[in-house]
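Engineer: Sequences are here, hints too, so could you generate the full structure?
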Amino acid sequence: MKSNFIPPIGKISNVNGRCISLIGNDIDTDRIIPARFLKCVNFDSLGESVFEDDRRTLKGKHPFDLEKNKNASILVVNSNFGCGSSREHAPQALMRWGIKAIIGESFADIFYSNCIAIGIPCFTLPKQSIEEIQNYCDNQSLLLEIDLKNSLAKSKDLNFNLEIKVSSRKMFLSGEWDATSTLLNNKNLIDNKFNQLPYIKFNTNFL
Amino acid sequence: MSQNTLFDKVWDLHKVSSLPGGSDQIFIGLHLIHEVTSPQAFGALKDKNLKVKFPDRTVATVDHIVPTDNQSRPFKDNLAEQMIETLEKNCLEHKIRFFNIGSGNQGIVHVVAPELGLTQPGMTIACGDSHTSTHGAFGSIAFGIGTSQVRDVLATQTIAMNKLKVRQIWCENKLSKGVYAKDLVLHIINELGVKAGVGFAYEFAGPAIYELSMEERMTICNMSIEGGARCGYINPDEKTFSYIKNKLYSPKNENWDKALTWWKSLKSDENSIYDHVVKLDASKVEPTVTWGITPGQSISINQQIPLLDDLSPNDKLVAKEAYEYMSFKPGQLIKDTPVDVCFIGSCTNGRISDLRVAAQVLKDKKVSKNVKAFVVPGSEKVATEAKQEGIDQIFKDSGFQWREPGCSMCLAMNSDKLIGNQVSASSSNRNFKGRQGSPSGRTLLMSPAMVAAAAINGKVSDVREFIN
Numbered sequence: 001m002k003s004n005f006i007p008p009i010g011k012i013s014n015v016n017g018r019c020i021s022l023i024g025n026d027i028d029t030d031r032i033i034p035a036r037f038l039k040c041v042n043f044d045s046l047g048e049s050v051f052e053d054d055r056r057t058l059k060g061k062h063p064f065d066l067e068k069n070k071n072a073s074i075l076v077v078n079s080n081f082g083c084g085s086s087r088e089h090a091p092q093a094l095m096r097w098g099i100k101a102i103i104g105e106s107f108a109d110i111f112y113s114n115c116i117a118i119g120i121p122c123f124t125l126p127k128q129s130i131e132e133i134q135n136y137c138d139n140q141s142l143l144l145e146i147d148l149k150n151s152l153a154k155s156k157d158l159n160f161n162l163e164i165k166v167s168s169r170k171m172f173l174s175g176e177w178d179a180t181s182t183l184l185n186n187k188n189l190i191d192n193k194f195n196q197l198p199y200i201k202f203n204t205n206f207l
Numbered sequence: 001m002s003q004n005t006l007f008d009k010v011w012d013l014h015k016v017s018s019l020p021g022g023s024d025q026i027f028i029g030l031h032l033i034h035e036v037t038s039p040q041a042f043g044a045l046k047d048k049n050l051k052v053k054f055p056d057r058t059v060a061t062v063d064h065i066v067p068t069d070n071q072s073r074p075f076k077d078n079l080a081e082q083m084i085e086t087l088e089k090n091c092l093e094h095k096i097r098f099f100n101i102g103s104g105n106q107g108i109v110h111v112v113a114p115e116l117g118l119t120q121p122g123m124t125i126a127c128g129d130s131h132t133s134t135h136g137a138f139g140s141i142a143f144g145i146g147t148s149q150v151r152d153v154l155a156t157q158t159i160a161m162n163k164l165k166v167r168q169i170w171c172e173n174k175l176s177k178g179v180y181a182k183d184l185v186l187h188i189i190n191e192l193g194v195k196a197g198v199g200f201a202y203e204f205a206g207p208a209i210y211e212l213s214m215e216e217r218m219t220i221c222n223m224s225i226e227g228g229a230r231c232g233y234i235n236p237d238e239k240t241f242s243y244i245k246n247k248l249y250s251p252k253n254e255n256w257d258k259a260l261t262w263w264k265s266l267k268s269d270e271n272s273i274y275d276h277v278v279k280l281d282a283s284k285v286e287p288t289v290t291w292g293i294t295p296g297q298s299i300s301i302n303q304q305i306p307l308l309d310d311l312s313p314n315d316k317l318v319a320k321e322a323y324e325y326m327s328f329k330p331g332q333l334i335k336d337t338p339v340d341v342c343f344i345g346s347c348t349n350g351r352i353s354d355l356r357v358a359a360q361v362l363k364d365k366k367v368s369k370n371v372k373a374f375v376v377p378g379s380e381k382v383a384t385e386a387k388q389e390g391i392d393q394i395f396k397d398s399g400f401q402w403r404e405p406g407c408s409m410c411l412a413m414n415s416d417k418l419i420g421n422q423v424s425a426s427s428s429n430r431n432f433k434g435r436q437g438s439p440s441g442r443t444l445l446m447s448p449a450m451v452a453a454a455a456i457n458g459k460v461s462d463v464r465e466f467i468n
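Chains as they are written, first to last, in this note's numbering: chain U, 1 to 207; chain X, 1 to 468.
The set of hints was computed from the structure by calculation and includes no laboratory data.
Careful: at least some of the hints might be erroneous.
To be verified - Which chain X residues face chain U? A few, computed with CB under 7 angstroms, are given here: (1) SER18; (2) SER148; (3) THR156; (4) ALA160.
Built from N, CA and C at the ideal position, the CB exists for glycine as well.
Structural biologist: Structure below.
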């Protein structure tokens, strides 16, 4: 776990860092952060518990425990990463460990939106390219420079055209991934919508 | 792109604006909160100096961390006590309706909201919990959100989201005797896979779905997320309306008539366009049990655990992991697998009809001496109703422990946990590694009736042998 965690703010247009490869399909959020660590009223101490049970099982051989991955910040995963529970604790724990971006074959929906909402860009690549990166990481260190504007990942030996949802990319480049203030800008529209909805009118005993 | 489905209609109705990035700003009609995913959201409001915009449209209960043996306060677990106190304080400060323990209305959030009449057709419903898809059983568009989005709903009653595609899952014919909604949804997830639903809302339709009771429909929609779909729904019909009628918060008198008129207008048109349609035959579904570490890894009770060669290349990686974790051999029968713990409860199968079905199996029978069996009603209302019907006594007489309402061993945030590599027969929704509280614990998902049968025999059994 990295000390002095500083959450991202504002525009995110580049992520540069070392890759950490984690192999496996359908890695769920219970594995990323087991439920017992959800007994907390803030996210501060989650970084050290990321993948706790998997790490304990592998006794020091889990990618998140390997010395070579100590300062890694770009996580490379396979398919349906982050399935299961909606717990934002999962991306929060990854972020507090040091992850700043994720590249994978595919992501579960809620995990993906949680990542966007806290400033972790998630990119997809075809299975073959992911495996190429993961094999490379097996033998040597891979330093990637990710350019969000052009959706490019560059390194000494490997270059990739990353896929990212247009809306997500725009939000990172404009800083609007932190959605609250953008949503609040439409205060009048929200009030109008509230007044128009049929069920607000007939649910007079709602509360 | 889908057109004129219920999903399209409800989405369009709730669309506040198109955001600069291209996603939609969607109004949330009902926001449900609980103690695990809300404290950081309230913290963020405080940091940003924001208020709750429509406190009346958020409803709270406590479910994940509550003990099910002794609920007297303060809880023995300090962290759990701190979480419930934080929720109490936040609800009080922001004037949010809170159904606390002892209110008569506490329970698992996805059990409580429907039984109070809060869940209604045509609403958008969000909650910091992936099983929010449950509420889609009423023809609402309901989905799980993370804590940052909980913050956004509290502050603005809206979230930023991309519109989902719509897949219709048409279920032909009827379920056979001894086969339940849980078997059907496990079968659907197995057929389609655990990630097929990513980017989709699932519309469950067809004769087999319309035949189901509201509680069975909730079981189906509840597990949409296990198939990757964060939202699942069923078009509302007379069963929906009669379930809602006369609930605490359902519209009354002339408001009921107005509501009914509107609700009846809410369904996918006959000529709706779907992004994808899947058809399957519900009469072919048999009692189904998971053997692996994802809810998609399931087989019928009389089938063998699949061989590696029978699986698609994509499924092989997780299958290898599953054989090893579960200590199962490919080709082995799932039937007669010894179980250590039997758990009936959860937002999937902790409702009164689930308890009734299990009690029918257990009546005049005894739980195997090798099994620890316990039942956790989904809510205080479910518990009360069960006691009025004498169901609690049937469970107790059989050797089941009768507990207080909560999420319990579905995710084991309280003291209800597996120990070591125990095998559990569970009516819950997830068989992930370590899900039930032990890093090496093994979960077999099945219907409540099948859990009852496993409890009696001490091993995975075919419930049809008990009900004929």
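Engineer: Confirm or reject each hint.
Structural biologist: Hints versus structure:
no.	hint	in the structure
1	SER18	10 angstroms, violated
2	SER148	4 angstroms, holds
3	THR156	4 angstroms, holds
4	ALA160	4 angstroms, holds
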